[in-house]
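Protein chains in written order, with full-length UniProt numbering: chain A, 1 to 321; chain B, 1 to 321; chain C, 1 to 321; chain D, 1 to 321; chain E, 1 to 321; chain F, 1 to 321.
Honestly, the hints are just simulated from the structure, not real lab data.
The C-beta atom is built at its ideal place from N, Cα and C for all residues, glycine as well.
Among the hints, a few may not be true.
Below 27 Å or equal to it, Euclidean Cα-Cα: the simulated DSS-like pairs (lysine-lysine) are [what the hints assert, rightly or not]:
no. : chain 1 : residue 1 : chain 2 : residue 2
1   : B       : 315       : A       : 182
2   : D       : 318       : C       : 242
3   : A       : 24        : E       : 318
4   : F       : 34        : D       : 34
5   : F       : 34        : B       : 34
6   : B       : 287       : A       : 287
7   : F       : 182       : E       : 318
8   : D       : 182       : C       : 287
9   : D       : 182       : C       : 315
10  : A       : 39        : C       : 34
11  : A       : 315       : C       : 39
Label-pair distances were calculated between CB atoms; the ranges are [to be verified]:
no. : chain 1 : residue 1 : chain 2 : residue 2 : range
12  : F       : 242       : A       : 212       : 17 to 27 Å
13  : F       : 121       : E       : 179       : 18 to 28 Å
14  : B       : 307       : D       : 90        : 47 to 57 Å
15  : B       : 107       : F       : 230       : 54 to 64 Å
16  : F       : 124       : E       : 237       : 49 to 59 Å
17  : A       : 212       : B       : 11        : 53 to 63 Å
18  : B       : 3         : A       : 246       : 36 to 46 Å
19  : B       : 307       : F       : 230       : 30 to 40 Å
20  : F       : 7         : B       : 99        : 57 to 67 Å
21  : B       : 11        : E       : 179       : 49 to 59 Å
Protein chains: 6
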Amino acid sequence: MSRTAIHDLADGMTLAQPFQAADKQLRVNRQGGKYILLKLSDRSGTIVGMMWNADETTFDTFDRGDYIHCTGRTQVHNGSLQVILTEIQRMDPAEVDQSDFDRFDANQADNNFTRLRELLATISQPALHALAQSYLNDDSFVQSFRQAAAAVSNHHAYPGGLLEHTVNMMELVRLISPRYAKVDTDLLLMGAFLHDLGKIDELRASGEISYTDRGQLVGHIVIGVQRLGEKIAETEASTGQKFSTGLRHQLEHLIVSHHGVLEYGSPKIPVTLEAVALHHIDNLDAKLASYSSIIDSDIAADGNWTNYTPSIGRKLWKGDS
Amino acid sequence: MSRTAIHDLADGMTLAQPFQAADKQLRVNRQGGKYILLKLSDRSGTIVGMMWNADETTFDTFDRGDYIHCTGRTQVHNGSLQVILTEIQRMDPAEVDQSDFDRFDANQADNNFTRLRELLATISQPALHALAQSYLNDDSFVQSFRQAAAAVSNHHAYPGGLLEHTVNMMELVRLISPRYAKVDTDLLLMGAFLHDLGKIDELRASGEISYTDRGQLVGHIVIGVQRLGEKIAETEASTGQKFSTGLRHQLEHLIVSHHGVLEYGSPKIPVTLEAVALHHIDNLDAKLASYSSIIDSDIAADGNWTNYTPSIGRKLWKGDS
Amino acid sequence: MSRTAIHDLADGMTLAQPFQAADKQLRVNRQGGKYILLKLSDRSGTIVGMMWNADETTFDTFDRGDYIHCTGRTQVHNGSLQVILTEIQRMDPAEVDQSDFDRFDANQADNNFTRLRELLATISQPALHALAQSYLNDDSFVQSFRQAAAAVSNHHAYPGGLLEHTVNMMELVRLISPRYAKVDTDLLLMGAFLHDLGKIDELRASGEISYTDRGQLVGHIVIGVQRLGEKIAETEASTGQKFSTGLRHQLEHLIVSHHGVLEYGSPKIPVTLEAVALHHIDNLDAKLASYSSIIDSDIAADGNWTNYTPSIGRKLWKGDS
Amino acid sequence: MSRTAIHDLADGMTLAQPFQAADKQLRVNRQGGKYILLKLSDRSGTIVGMMWNADETTFDTFDRGDYIHCTGRTQVHNGSLQVILTEIQRMDPAEVDQSDFDRFDANQADNNFTRLRELLATISQPALHALAQSYLNDDSFVQSFRQAAAAVSNHHAYPGGLLEHTVNMMELVRLISPRYAKVDTDLLLMGAFLHDLGKIDELRASGEISYTDRGQLVGHIVIGVQRLGEKIAETEASTGQKFSTGLRHQLEHLIVSHHGVLEYGSPKIPVTLEAVALHHIDNLDAKLASYSSIIDSDIAADGNWTNYTPSIGRKLWKGDS
Amino acid sequence: MSRTAIHDLADGMTLAQPFQAADKQLRVNRQGGKYILLKLSDRSGTIVGMMWNADETTFDTFDRGDYIHCTGRTQVHNGSLQVILTEIQRMDPAEVDQSDFDRFDANQADNNFTRLRELLATISQPALHALAQSYLNDDSFVQSFRQAAAAVSNHHAYPGGLLEHTVNMMELVRLISPRYAKVDTDLLLMGAFLHDLGKIDELRASGEISYTDRGQLVGHIVIGVQRLGEKIAETEASTGQKFSTGLRHQLEHLIVSHHGVLEYGSPKIPVTLEAVALHHIDNLDAKLASYSSIIDSDIAADGNWTNYTPSIGRKLWKGDS
Amino acid sequence: MSRTAIHDLADGMTLAQPFQAADKQLRVNRQGGKYILLKLSDRSGTIVGMMWNADETTFDTFDRGDYIHCTGRTQVHNGSLQVILTEIQRMDPAEVDQSDFDRFDANQADNNFTRLRELLATISQPALHALAQSYLNDDSFVQSFRQAAAAVSNHHAYPGGLLEHTVNMMELVRLISPRYAKVDTDLLLMGAFLHDLGKIDELRASGEISYTDRGQLVGHIVIGVQRLGEKIAETEASTGQKFSTGLRHQLEHLIVSHHGVLEYGSPKIPVTLEAVALHHIDNLDAKLASYSSIIDSDIAADGNWTNYTPSIGRKLWKGDS
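Here chain A stands alone, though its shape is the one from the complex (with noise of 0.2 Å):
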């Protein structure tokens, strides 16, 4: 039988399929009464299940984390959709399809893949070439990168996201920068393909996207340019030359300020044209991807506009109705 996912449910729709518990937590209600309240997913999103009179009889039979078959019906809630569940059946994940609960698309992430190898070996420059060989000649690095989220909301908030921002800014890259005489092509490439590292380790992309210790601590921009310092040891080692100090500091520079100003968290502005053009590629493809999912996944019903957005300040079009 066909599974409907969350992303497609609507209001007063019968449901008996699987969910991932996401979170469970069994709650007392003013008279008195037990329920249990439910985080379900798949990899179409989330969403809000609660079964009334429940109690540790069936919230004790299954885990977080847990697939379950739901028997039940959708409903809207002060304007939010949530599940009224029935029943609820802990199954063997052996039962369930995991491609509906994957969030991490493994074919997409193959092209990817695919795409950044060609873009990187356009790189001719000896040095960066050696270095950009170096990373990929890294399984453990690859495997990672292949997985990571480019944040915890906001643009590329998903598994492998973090793979199609980079490759998306180097196709820009390979686009624009050849129109400025000035600029160097190879430089720009290979700090698109550097500039959001960090975040493989400043973000825990398994489960919930959620920021690690070391992410809250340190961030993305110090971890980055950590992870090249790595990387240009292996590389000196693997061809026995010693890198170039100043293409080094170059390439930090490109981490280290894509930011573009202080107050978000970059520590130097950027004074090298690549770091200037970094910076703005960064921002444009960034900017287009977030507002463009929130438009995608705007509820509200009637009209042009989404509902105002908090952290982008404001309401966007939708496009004439």
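Chain A is already provided as a structure; the job is to place chains B, C, D, E and F on it using the hints.
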């Protein structure tokens, strides 16, 4: 005899060649002697000229704006190059090579305008196509647009600079826009064309670039909207078709919001994807153009850095010397 | 039987009287029961209404905007007053006293409009006088202006509020302007008249006050300049006289700069004495009007202070009780 | 022989008339020669004077503050007018016409003070009335108040300027306040009277206006509150009535909050309607006064605009010439 | 039977013990039933109490502020702990152990006050010494100071907190000041003592800490200066010596500028070394105290981080668990 | 013959003594005559020197950095003291007393370093203790650290200043930290030691203090983290123990966040108590040091105030003269 452009003058050169007298003053020194202070210009820039022990006899032989044949010698004073003049002779305009003095590059403008026509021709939406033609069919507009500057100082601050910046942005739009599925390329291309047209009336491009009264009182953003209103009326008259109100508001929004934030003079922030894209593409081209020109014209002799430039709040890296 | 205005309702009152159904929703509670959630309005304000155990049978008998006869009882819930309804009957508009529901006060508007004519009549500068007449002779403009609100919330946020605020400011101009020798009273009076006229198209005054698409995309400042352009063209046509370009730019500047700083949406800051005066007089009237209305409508029961009001970042002193 | 005021001097004039020596220095030029550098003043302004080849013989014949008879000629140096002196003679104060040098206009102060008494007399609230009398009965206060300046530069920056600004504001209060029903005119009038009185101790009005130590360490806002405390004590003593604590706090609040926002040095923002009104009326009068005076004293020769004035961040429109 | 402090309550506990009724409301639920909503307090904190199906019969048996014996059970609702009450009995104050309810720790205050006397006794400058004694000899001041809080929320927000913070800062002054040669330790010590004394009148420390009218209208900085003026007058009377005007301005400056910047409510920024030191020492102690208390009272169950705290714009690290 | 230090020079002194030629230029005056412009330095400061009517004959006899014996006379020009030279003789370095020219005070550095060792020895946490030893055992680090400056201008801007500032802060930590129970003194002491070590590579301390390329591109915060990484690796190698990852992140956070807010270049704000304390202690010492030095070096002759200092936005009180 070949003329040395102001841009190429160096300390200690002997000169006997034409300049334009951009400004002139007769001054008295502390000991009561008189001298002439000049601002000399050619297409490559301006320089201060001083003629000691000179009085009305010489001063009254030429007017501001005249071409003058100057004999003298360059020297550095307080860190700036100037010319110490020993003789000044007014010249007939017919005697000078106009190409030495005209900051407007007609060839470049022709090429840019040809490219502008091609880019506007790619617009397939009929109403936008017709509107673009109204602009192109207006000879007075075309004449002004070709000569207009994009700024008094800062980026593209020369006659023809507005056209250069506009075409540049339209090129970027054609490269970037197709990569974002929800962005309407025709609309964005039209936005890039329209966004700064109000500068034609905001700035005086003949002589030294400066603000008009209208420019200071009303500003290019509102002027651009006014001009658009006139052209839409012309388009309606020529096509016999009512221009869509919704589409008009979209275009007005692109002009009105292209500075991105209120603090920079946009009375509305971008709320359509095209307006968001336009703002960031404008920023990217303007910043790369102005930073490149700061590096080009920097005179700091030693080392890898430009002088500190207050308008951008930083020194720029010029590259390993 | 006399009707109690919403503004005068108190806890524990029994009601049987007409309201307008400003909004309606059918909801399902946690136990699966249905209930109706209403926004009831009259000219004095709005209040939430709840009808428990009600379903489509009742819900479908009336539409949003209909008048309904409501039986029920008021109660305080989470600190707000609401009405618990036991019966709802749709009414014919002829059955209700329109004066109970019309937030627009026609008498007040008549008085304000008479005063507006008198104030505009004091303008002696011929071109400004003729321009003012063009506005007054435009019946469609007059009709819209009388009904327009000055804001969605904040100051003068009711139908007729724009006229009220405009006349108020013009009165202040007549009192204050003659005290400053260099200020042109005619020009300043005209500026006070024109400064917010763009709000006629920015806001929808019928039903709940809200932004139009044009209002959100273009904004009342630019719309006001566009409207002025149309009226100047009409004036030129009716008088057969070219309107002075310099004077036109002065008027446009008054509209364009009246928010005083870029951060508040003025694309130009005030640079004429009249524009400086206009900004401060606008501020004075708007602030005193909105702060007075916050004090009037404050419901904090105890003491000398209003509740903290986030939009103004403070509590206000209500006076020693 | 009639004297030319400094304000009316022009380039190339021959002079033989008295000035006040506001400042004097004996300097050595690069060739080792000595010269005298003077700051000459009269009631219309100040100007630099230079006497070449002058030494102690001349320098020691007069002191700072003395009147001196100067023979010489005006000239423009680096864009500023100065006087090149050939002879200096110390004068007896009895020889000069004091009205040429006294920046304080006693007639104007008399008129303003008469009007001040009338305006304070309109206060009907008994305690405020009595308090006002305490100020008026204090001869030392009256004497200081008449002479005080409202600022070092900026608005009303001349002896008598504080009184002028205070009376101006009180006039505005009488015109504006009755239009706002909830505003207490007596209280607001008293606020306008009190708001800047601390400037009497903050600034030294004799000689060049400058900050006192107390002014720099404590500031006029806190000083104004201290002075009010003293006057309330005197009022209580003279009337034998306890001054209402609540009313006292209202008055203190008017002084304390009149700059409107913390960033401008008010330790509290306005929270009473009178304080809100006071802040905006102060702003209106101060801005119109200072902008008018910038236009009056502007020396830009050509065109419709003043020079760019950093303190207000703009050029001002001087009117179509 | 031993009482469990509110701070130590956990989910699912059965209770039968006294609380203070800090607040009480009788409410009606959606079904029309009545219930009592209470704010229960003891010295360790406050908690919400709910008594279902209770009406005036119970509600009227006690007043706000009374001690009540409560029977019931704790539960978590929406993430907060509350008490569901089944029985409420008003108690006589004599029946409760006052030490369970008194948030003021008299022993701690005694110790702090003793230390305050010792620290003030180290001041050797005679005028400052005498001034300090005037404060200490004022029993009414001493009484109020011991009980005062330093804030409504934020740091040292409890009765006795102002004394605690003041003594802490004076201890830091004695440790730090001698390391900076140009800093006058006596003056700085006196500044630390005086800087927040205005809070005695700004805040009501009895019952729930809240702002007084004077506090909101005038603020503790100005009040502190007023209090200082009174004490200087007393000191002059008792010693028969005029207090140095310069020294008085130094002390006033320390109070007036201690918030460091205008934006935080100081009408003057620090311009003496002692004022600079005072501001930074205040900041250091206040931040460490408030951040420590946020960590102490954080209830986030899992992991190393507190919840996000809006007032400080961050999560805090609680340490590796 | 005893030498007068630059700091002690006054107007009108005759000189014949050595200086170091920090900079030299040969210039041409308006009349075409040549002169030499020098920047003379010794350990107490720098001063401008002018030799009139001097040409290549003298100019070429010495190089920048050479010691020269100067004969001449001091004079005030435009408010600054300068030396008019009549004779210049190049000297052999052996002829001068090095202690007159060396801005680095070796004794002071020795004392500071001894104290640094003592303070680091108080750290009892084994891993931190071992890490501190790694720094102390690195001779190249020790050598650089002793000579490093803490700033180009501002606080501790001299060779040895970084060590001075570091030891000062560590002393404050030992005094203050034990007063706050939740603060880990070992960690905070280590943070004070590490926080600015990146300045060793950010600034060039030899000759005039200036930024290195690495300093401008990467900045001392990121460099400090890089250096820490190297030292942790050395410590692991020497102890054979893995350094705790959590502890490493704590140390990195102390470096990364010590500027306190993003706007001042910290890519992360302080989120641990130690980081909060470190930021405030750094601020306290830096401000008191720089303000004290502004007062010391102020040259305003008259009165109680320094000149207005733009970098701190204020005049400072120098004390009653």
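Cβ distance range 30 to 40 Å for residue 307 (chain B) and residue 230 (chain F), holds or violated: 34 Å, holds
When you check the alpha-carbon spacing of residue 315 (chain A) and residue 39 (chain C), does it fall within 27 Å? 24 Å, holds
Does the alpha-carbon distance linking residue 315 (chain B) and residue 182 (chain A) stay inside the 27 Å limit? 17 Å, holds
Does residue 242 (chain C) lie within 27 Å of residue 318 (chain D) when you go C-alpha to C-alpha? Since the Cα atoms of residue 318 (chain D) and residue 242 (chain C) sit roughly 24 Å apart, the hinted pair holds (cutoff 27 Å).
Does the Cβ pair residue 307 (chain B), residue 90 (chain D) satisfy 47 to 57 Å? Holds: the Cβ-Cβ distance is about 50 Å, inside 47 to 57 Å.
Quick one, are residue 182 (chain D) and residue 287 (chain C) close enough, alpha carbons at most 27 Å? 13 Å, holds
So does residue 124 (chain F) sit 49 to 59 Å from residue 237 (chain E), Cβ to Cβ? 56 Å, holds
Go ahead and decide if the range 17 to 27 Å is satisfied by the Cβ distance of residue 242 (chain F) to residue 212 (chain A). 19 Å, holds
Mind checking the alpha carbons of residue 182 (chain D) and residue 315 (chain C) for me, to see if they're no more than 27 Å apart? OK: residue 182 (chain D) and residue 315 (chain C) at ~17 Å, within 27 Å.
Distance restraint between residue 34 (chain F) and residue 34 (chain D), which requires alpha-carbon spacing of 27 Å or less: With Cα atoms ~22 Å apart, residue 34 (chain F) and residue 34 (chain D) stay inside 27 Å; holds.
Range hint 54 to 64 Å (beta carbons of residue 107 (chain B) and residue 230 (chain F)) holds or violated: At 57 Å between Cβs, range holds.
Would the hint linking residue 24 (chain A) and residue 318 (chain E) be met if the CA-CA limit is 27 Å? Answer holds: residue 24 (chain A) to residue 318 (chain E) is near 25 Å, not above 27 Å.
Against the hints set out earlier in the document, no violation occurs for any number.
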